[in-house]
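Please arrange chain B on chain A, whose structure you already have, making use of the hints.
Below are the chains, spelled out letter by letter.
2 protein chains.
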Amino acid sequence: MTKYAPNGTNGTNGTHGAPKLTHPLGPLSGDEIIQSARIIKSVWPGANEFHYKVITLHEPAKTESIPYLAAERAGEATPSIDRRAFVVYSFRGTHNLHEAIANLTTNKIERNVKLGPFTHANADGEELVAVEKFLLAHPDVQAEIAKLKLPTGTELVIDPWIYGSDGVKDKDGKFYDDKRVMQCFLYMRDPHNSGEADSCHYAFPLPISPVVDPAMLELIRIDILPMGLDEKVEPVAPWKPTPPSEYIPEAQPALRTDLKPLHVVQPEGASFTVEPFSELGQLIKWQKWDFKVGFNQREGMVLYDVHYDNRPLFYRLSLSDMAIPYADPRHPYHRKQAFDLGDAGAGIMANNLELGCDCLGSIYYVSGVLPGGDGQPVAMPNVICVHEQDAGILWKHTNYRTNRAVVVRNRELVLQTILTVSNYEYILSFVFNTAGDVVYEARATGILSTSPVDVDLTQAPHPFGTIVHPGVLGAFHQHFFSLRIDPMVGGHGNTVVFDEAVPLPRDPKLNPHGVGYTVQKTELTSSGGYDLDASRNRTFKIINPTTRNPVNNSPVGYKLMIPPMQPILADPDSFHFKRAEFADRSVYVTRFAEGELYAGGLYTNQSRGGTGVRSWAARRDSLAEGNPVVWVQFGINHVPRLEDFPVMPVETLRVMLRPVNFFERNPAIDVPPSRQEENCSVGLNGVEGKVTRLTLGGEEGKLSGCCASHGGV
Amino acid sequence: MTKYAPNGTNGTNGTHGAPKLTHPLGPLSGDEIIQSARIIKSVWPGANEFHYKVITLHEPAKTESIPYLAAERAGEATPSIDRRAFVVYSFRGTHNLHEAIANLTTNKIERNVKLGPFTHANADGEELVAVEKFLLAHPDVQAEIAKLKLPTGTELVIDPWIYGSDGVKDKDGKFYDDKRVMQCFLYMRDPHNSGEADSCHYAFPLPISPVVDPAMLELIRIDILPMGLDEKVEPVAPWKPTPPSEYIPEAQPALRTDLKPLHVVQPEGASFTVEPFSELGQLIKWQKWDFKVGFNQREGMVLYDVHYDNRPLFYRLSLSDMAIPYADPRHPYHRKQAFDLGDAGAGIMANNLELGCDCLGSIYYVSGVLPGGDGQPVAMPNVICVHEQDAGILWKHTNYRTNRAVVVRNRELVLQTILTVSNYEYILSFVFNTAGDVVYEARATGILSTSPVDVDLTQAPHPFGTIVHPGVLGAFHQHFFSLRIDPMVGGHGNTVVFDEAVPLPRDPKLNPHGVGYTVQKTELTSSGGYDLDASRNRTFKIINPTTRNPVNNSPVGYKLMIPPMQPILADPDSFHFKRAEFADRSVYVTRFAEGELYAGGLYTNQSRGGTGVRSWAARRDSLAEGNPVVWVQFGINHVPRLEDFPVMPVETLRVMLRPVNFFERNPAIDVPPSRQEENCSVGLNGVEGKVTRLTLGGEEGKLSGCCASHGGV
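Chains as they are written, first to last, in numbering that gives the first Met the number 0: chain A, 0 to 712; chain B, 0 to 712.
It is worth saying that the hints were derived from the structure and are not from the lab.
Any given hint could be a false lead.
Because identical chains share one entry, a pair is satisfied inside a single copy or across any pair of copies.
What the hints assert, rightly or not - With a cut-off of at most 30 Å between alpha-carbon atoms, the simulated BS3-like pairs for lysine-lysine come out as follows:
no.: 1; residue 1: LYS520; residue 2: LYS231
no.: 2; residue 1: LYS287; residue 2: LYS170
no.: 3; residue 1: LYS231; residue 2: LYS577
no.: 4; residue 1: LYS508; residue 2: LYS577
no.: 5; residue 1: LYS40; residue 2: LYS231
no.: 6; residue 1: LYS508; residue 2: LYS231
no.: 7; residue 1: LYS508; residue 2: LYS146
no.: 8; residue 1: LYS508; residue 2: LYS239
no.: 9; residue 1: LYS287; residue 2: LYS259
no.: 10; residue 1: LYS577; residue 2: LYS178
no.: 11; residue 1: LYS284; residue 2: LYS107
Chain A on its own, in the form it takes in the complex (with noise of 0.2 Å):
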C-alpha cells in the first residue's frame, strides 16, 4: 500500500498546495482521518494499541444534505453542515470493539459504545497476514499437514474466511461466535513449483481447516474436511498427486499469437469534465449528466446528487451489499457465507487499476484515501477508472421510400471499480448513455473457493459441486448484490409503483377477438420485499407523482429493468437466509431512514440476523411521505463448470434505470448522427478481384475517407 502524501503528491487527485474544498458529502480526507483517530485516542488516555477497523465519513442526515444541496446547485451560500467521522475500533489483542461517532468540526467524540456480543467488525489485511503466518507456524497445524506426506519444500497458503454463524455452541455452552473467529482453509502451490509465488493454491485444497481468533492469535481447534459425497470425515491421509492448474501466462502450454491489437483512440480527448468538489470528491460532468463521485472503504465508489440537463434523478447510488451463501451443508461449509462489502469492503480490496491493464482508451483515474489498522491514512491510487465508449448502435431508422438512414450511436460513459475479494473478482461499474439510461453492471471472475475432494468419478455427479479438477471441488453457490437506490426522480417526493400487462376479456364490442390487453400500475403504499414477474411484464418504476409529463400527462418516472434471479436457497430457519436479508426478494422499498444503508446490516460479520433490509421492511412503513428508498437485488446460482477454473470468465449482470416520460421525446434526438469523416472506421475488403483468401491486415484495407494519422491503414 502507497503511503499517503499530504500534500498529494503520490497520485492523489492533487489539488496540491491549493486551500482544501470541503464538502459535507466528500469522502473523509487524510487528515481527517488522523484527526478522527487522535479524537478516539483521546477519551482513552493511556489505553492500548488501538485497531482501527474503520474510519469514514458519517454521512450528514438527508434533512440537511438537500438544503446543501439545492443551494449548491443554485450558486447561493450554502449552509455549514458539521463533519463527522464514523470509527469501529478494538483495543489489540482483545475482543473489546467500539463504535464512535466523531465530530471533527467541534473536535468531540458525540458517541462511543462498546459493542455487544457476537457483534463483529470486518475483517482486514492485516489480518488475514498475520492469521496465516500463525497458524502456518503452529505446532499442531505443522502436525496435520505432516501427515499429508507433502514433498519437501512445498508452499502452504491459508485463506483466512469469516466464521459466518451457526447458533452452534462450544464445550463451554458459548455460542462459538460470541468470540470473533475466522475459519481458514488451507491450500498449497504446486508442490514441484513451491518457488512461484503465484501458483494457483486452488488447484490444491487441502482437508485441514483450523479455526483461529484472529484477536488474541488463538489456535481453537482444527477441522477436518469432508471429502467424500457425504458428510463423513476421514484422518487425514498422505496426499494423493494431482496435477497443477496455473493461471499466469507464462505457465500455459502455448499462449495465442494471432490476436490483433485494438485501440480505442480519442484524439480530441475525452468528452467528460472532472473536478474535485472536495478534496476527494470528483464531479463528473459528460453529455448533460452531473454527478458526484465518492469513495469509501465499505461501499467503495457511490454516486450523489445525480442529475440529467439539471434535472434530478438520483440522490444516493451505491452498492449496499453483496452475499454469497455456499449450498454445501456439511460441517463447516455450513456456516460459508461472504458479505464482502460488510465483512471486508469493496473500498478497500479495490484494485489499483494502474498495475493491470483494465480500461481501454482514454482513461481518467479517481483515486482515494482510505484508513490503516494503526488509524494513518492509506493512499488508494486508481480505485476507480472512467473513460467513455462506443457500445454500438443506439438508434437508427431508414425511411424506405427515400433509403435514408439516420443513426446515432450508443456512447457510454464508465466509471468501473474492481474488488478482489481473496479469491474472487468482482469487476463493477456504473454506465450513463446519451438517452438518459443508468446500468449498474456487475461482472464475478476470478477464482472459485475451493474444496478438496476425493471420489470416484464415475459415482453420480457430486452433491454440492462440480470437480473443476482432478482433487478439486467447487461446490455450488449463489451470488447475490444489493443494489440501493435513494431516488429524486424529478425532484424529491417519489412513489414506486409496479406496472403489469394484463389481457382483456373478451367483449362482443370492445375484444370480441381476444387479443386486447391492458396495464394495470399498482402503487406501493407500505415498505415491504417484492418479486419480479415475468409472467405479467411487472415493471417495477420510480414515479414523481407531482410532476407530470405535458405530453400525456403521465407522471415522470424511471423504471427498474432487473434481471431474474433464483432467490437464496437456503431454508428460512437457517443462518445464510436469517443473515442474507436481502437474498429472498427482487426488490424491497422501505421508508427511508437515517443509517439504513447496508442491505445485510451495519455489522455482517458473524451476524445473527435482525437488523438489515428485511427486517426494515417488515416494520411495514407508510410510504406515503413520498421518501422511498429501492434495493434491487440480483444474482448468479452458481454452478461451477470446467470452463471456471484457474479463472472463471466473466459471468455479467445489469441492472438498467431507464426513463418513462420523463422526457418529451428521445433525449438522445439532439446527437449528431454517426458519420464516418468522424468515426473513421477501415473498410477491410480488398479491391474487386485481389486474393480469394484475404487475411485482414492493414495494407490491404482501403481507407474510406480519412484519417491518415492511423497509419494509412
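Frame of chain A, contents of chain B only:
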C-alpha cells in the same frame, strides 16, 4: 437496388473471373436465380408475366449435408449433392400462387403445386410502392382525405400492412383473407414542410385505412379508425393541427456539440480471416472459431457448421421468425400482427450498411444476391458487417499476497445485420468471444407504428397504448424473436436437458443447518414447449451424452442463457395466438424434420396457424434418436414511452450459448494478458497539482508508453 453484374464487379464479394466455387450450403448465386426462373417459365409456355416472391436455396437434406461437411473438413473428396431452388411465384394480376422446387443440377422442375386459399406469399417492396401509389390516386380514398381539410400541398403516405387473420367473413360469406389483402394505414408528412421527403409521417397518423387487393390492385373498402378510448368510430372530420416530431438532424433545434470522436483502430489489421466457401458464402475463422455464413431472402444471415478449435458445436443457427402482435383490440387493429421474416424477409429488408455509419472500427462487409420480383438477381451490397470489438475484461485475478494481477480482455467478433421493416428497425448480431461463448443479440429501434388518437389527456391513461405525441397513439404490442438452434455439440447426437437448483431437506447428519442445495437434471424425452423458471434456476442445456469430459465425467454441453419474456397475451382462441405458434413458450424442442425451419410456419401472411413449431411439438415425437432442434423465444412487451418517439433508443435482448464442461478448463486461459504496450490507452490525469478543472483534451493527457502514431496524445 443495385443491378447485378455476373462477374461480381459491383460490390459483391468478388471472386472475379475465377472458376465459381460451389457448395451445397452456399446461397443461390445470381446465375442460379436466373436459372430457377427459367425452369419455372419452361413449365408454363406462353404464360403471363411471372411475379417471383421467393427464389432461395432449397437446402439439401441433413443426411446428405452431414457427410459432405465431414468429408470437406477432413480434406477428402466430397459427395455430389444436387443444387435445388425453392420458388414461390404467382402470375401478375392473379391470386394464382404456386410453390415449386427446381433442380438446378438436372435443370428440371421437381415440384410445382398451386397453393390453396388462405396461403399467401410474403409482401415485397414493389408491392408496397405500387399499393401506395394506387391508393393515393384512388378517388374514394381522395374523397375521404378531402374531409380532413388538410393544408394545400400536404404529402400523404401509405404504410401497407399485412392484413392478418380473424376468421371474419365478407358479405358473400367468404373469409376476407381467402384473398390476399392488405390493410393500409394513412399518414402525412408535416403539412407545413411537405417538401421534406424524410419528414416523420408517424407523427401524423390519419383515421383513414384502405383495404386493398395488392395483386389485382383493387380497393376493397375503406375502414375508418377509432380515435377514442373504445371501439366507437366517428366520421372523418377536419384535421386538428398538431406539431411535427422529426428525427432528421437538421430539424432539431440544436445538436450536441460536445461529443468528441472515438475511434476503434486496429493498426495491424483485424484478427479474422474471410474466404469464400461458395460464390456468395463466406467462411470465417477467428480465435479458434470457424463457421460458414450464408445470406438468404427470408432469414437474412445464417451460420452453418460452427466449430471451435475444430470441435463441432452447431450445425445451423438462424433467426427463425419474429412476431409482433398488437394489443389494441378494436377493428381493424385486432388483426395487426407482423411476422417480419415470413411476411417480408430479413434478407430482403436488410440495410445496405455502407449508407450509414453502422459499424465502428475495421469492418469487413459481406454482400448478398437476392431475387427481384421479375426473377432477375439484385445485388445486396454490405448486408452483413464483420468486425472485432472490445467488451471490457474477460477474466482477472490478483493474488493479494503478491499484488500480481493477470487481466485478459474480452475481444469479440461481431456479425451484424440490420433490417428495416417499414417503421421498425432490428439490429441482429451474432457475437463470439475467446471463451467459447456465442451470443445472439437483437436490438429494437426505429419508429413505433402509430395510430391516430383524439382524447382528453386528463382522462385515465389510454387503455391500449401510450399517447406519445399530440394526436399520436403508440399502441402496446409484444415483440417475439425465435432463434433456431440445430446443434451438434461435441458432434451429432445431442440431448436436451434442464438443470434446476433445489434445496435439500433438513437432515440431522447431512443438512442439519438447512443450507444445502443440489442440482437436479431433467432430460427432455419428447418434443414440446417449455418455460423458464427463475425460481428454480432452470437452465436448459444441449449435451452430448456419449462424449464425456475426462476431468469430471460429465457429458460435454452448452447451456442456454435466455432472458425471460411475457408470453403472448392474446387468448388461445385468438388468431394472434394461433398464428404466432412460438410466442407462448420460451423454449420449444422438436425432433429434427426436413423443412421445419420457420417457427411460425412456411406461409405466415394471413396464416391461420397449425403449421408452426407448436404444431410440430404437439406431435410429442421422441427425442431418443438425438436429433433435436431447439427454438429459443425471447421478447419485449413494448409499452411505449415518450422517449421512444420519434425514434426509439434501442432495447436490447441477448441469448447466450455458453459451454458447460465442454472444455477441460477456461478456454480463454491462453489469451495473452492485457498489456499497456499493446493496448495503448491514454491517461487523462494531468500532472499533479495542475488545474482544478480538467477538460480532458488531447493536449493535457499523457501518453502512457507507446503509439506515437496516435498523434502524440
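Here's how the hints hold up against the structure:
When the C-alpha separation of LYS520 and LYS231 is checked against a cutoff of 30 Å, the pair qualifies only between copies, where the shortest distance is 25 Å, while the shortest distance within a copy is 54 Å. In this assembly of identical chains, LYS287 and LYS170 lie within 30 Å of each other by CA distance neither inside one copy nor across copies; the values are 63 Å within and 59 Å between. Only within a single protomer do LYS231 and LYS577 lie at most 30 Å apart by alpha-carbon distance; the minimum there is 27 Å, versus 56 Å between protomers. With identical chains, the CA atoms of LYS508 and LYS577 are at most 30 Å apart between copies only, with a shortest distance of 21 Å across copies and 53 Å within one.
In this homomeric assembly, LYS40 and LYS231 never come within 30 Å of each other (Cα to Cα): the closest approach is 50 Å inside a single copy and 79 Å across copies. For the identical chains of this complex, LYS508 and LYS231 are inter-copy neighbours only, at 9 Å across copies versus 70 Å inside a copy, given an alpha-carbon limit of 30 Å. Taking the shortest alpha-carbon separations for LYS508 and LYS146, only the inter-copy value of 27 Å comes in at or below 30 Å, while the best intra-copy value is 83 Å. For the homomeric pair LYS508 and LYS239, the shortest alpha-carbon distance between copies (27 Å) is at most 30 Å, but the shortest distance inside one copy (77 Å) is not.
Within a single copy, LYS287 and LYS259 get their C-alpha atoms only as close as 36 Å, which misses the 30 Å cut-off; across copies the closest is 14 Å, which meets it. Taking the closest pair of Cα atoms, LYS577 and LYS178 come within 30 Å of each other only inside a single copy of the chain (19 Å); across copies the shortest separation is 65 Å, beyond that limit. For the identical chains of this complex, LYS284 and LYS107 are neighbours neither inside a copy (36 Å) nor across copies (68 Å), given an alpha-carbon limit of 30 Å.
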